[in-house]
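Read off the chains here:
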Amino acid sequence: KNEVEQSPQNLTAQEGEFITINCSYSVGISALHWLQQHPGGGIVSLFMLSSGKKKHGRLIATINIQEKHSSLHITASHPRDSAVYICAVTGGGADGLTFGKGTHLIIQP
Amino acid sequence: DTGVSQDPRHKITKRGQNVTFRCDPISEHNRLYWYRQTLGQGPEFLTYFQNEAQLEKSRLLSDRFSAERPKGSFSTLEIQRTEQGDSAMYLCASSFRQSTGELFFGEGSRLTVL
Numbered sequence: 004k005n006e007v008e009q010s011p012q013n014l015t016a017q018e019g020e021f022i023t024i025n026c027s028y029s030v031g032i033s034a035l036h037w038l039q040q041h042p043g044g045g046i047v048s049l050f051m052l053s054s055g056k057k058k059h060g061r062l063i064a065t066i067n068i069q070e071k072h073s074s075l076h077i078t079a080s081h082p083r084d085s086a087v088y089i090c091a092v093t094g095g096g097a098d099g100l101t102f103g104k105g106t107h108l109i110i111q112p
Numbered sequence: 102d103t104g105v106s107q108d109p110r111h112k113i114t115k116r117g118q119n120v121t122f123r124c125d126p127i128s129e130h131n132r133l134y135w136y137r138q139t140l141g142q143g144p145e146f147l148t149y150f151q152n153e154a155q156l157e158k159s160r161l162l163s164d165r166f167s168a169e170r171p172k173g174s175f176s177t178l179e180i181q182r183t184e185q186g187d188s189a190m191y192l193c194a195s196s197f198r199q200s201t202g203e204l205f206f207g208e209g210s211r212l213t214v215l
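Same order as they appear, the protein sequences are chains A and B. So for the first sequence, my numbering puts the first residue at 4; every next one is plus one. So for the second sequence, my numbering puts the first residue at 102; every next one is plus one.
Keep in mind the hints are simulated off the structure, nothing from the lab. Any given hint could turn out to be false.
Unchecked claim - Computed from the model, here is a short list of chain B residues facing chain A with C-beta under 10 angstroms:
| no. | residue |
| --- | --- |
| 1 | GLN138 |
| 2 | PHE146 |
| 3 | THR148 |
| 4 | LEU192 |
| 5 | GLU203 |
| 6 | LEU204 |
| 7 | PHE205 |
| 8 | GLY207 |
| 9 | GLY209 |
As the list claims (entries may be wrong) - Straight-line distance between alpha carbons at most 16 angstroms, and here's what the computed EDC-like set of lysine to aspartate or glutamate pairs gives:
| no. | chain 1 | residue 1 | chain 2 | residue 2 |
| --- | --- | --- | --- | --- |
| 10 | A | LYS4 | B | GLU157 |
| 11 | B | LYS115 | B | GLU184 |
| 12 | A | LYS4 | B | GLU145 |
| 13 | A | LYS57 | B | GLU203 |
| 14 | A | LYS104 | B | GLU145 |
| 15 | A | LYS104 | A | GLU8 |
| 16 | B | LYS172 | B | GLU129 |
Claimed, not checked - Quick look at which bits of chain A chain B covers, simulated, 3 or more residues with Cβ under 8 angstroms:
| no. | region |
| --- | --- |
| 17 | 45-54 |
| 18 | 101-107 |
The model shown is predicted, which means the values in this text are computed figures rather than measured ones. Glycine included, each C-beta is placed from N, C-alpha and C at the ideal position.
In isolation and in its complexed conformation, chain A is listed as follows (with noise of 0.2 angstroms):
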């Protein structure tokens, strides 16, 4: 069973700064994904990635396959990111996903 690590678990930055949040995981995967969830549940797809680099907007998901481990980083943040942030992947001897426990980011004003 696949163990998915995040950190931090709270993060509380100012509008503007350059934010990481980490993710680590214990066996193979097909593939890594970064979630969004705002409160009351809703959950936004913002990255499935297997290898390398991707980028949409402000936000550059990269993923080290070698050591097991990817990272989610926002440029220039806003208010509006703050959300649960989570990681999970796929594989690792499971076809459905293995989370997270989630990176609560709070971005003041």
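Take the given structure of chain A and dock chain B to it, following the hints.
Structure of chain B alone, referenced to chain A:
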């Protein structure tokens, strides 16, 4: 198609009652997943379907839980004889074809068992 929809959004029930949740995935998606999320925790995998076939079930899915996807389109998740520990957000997600396809989530169905 407006995405994955779940119904009801909220359900309050008394312990011992049965409840059923419905998920309508994006129409061309053949994979459908059910997850459960308790307060302050990440979601946990419950089960998934490829078309109408239930391919994997988590050990979290006790005998009181049953899921179906009879025609390979919408799915239902039924919980019998609910317990207070069943209180959670039940999330549905769908994807197209491969297990590495991007997932689209519904808004969730929040269950409160009194």
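Item to check | Unmet hints by their number, sorted upward, for this structure | outcome: When the structure is compared with the hints, none of them turns out to be violated.
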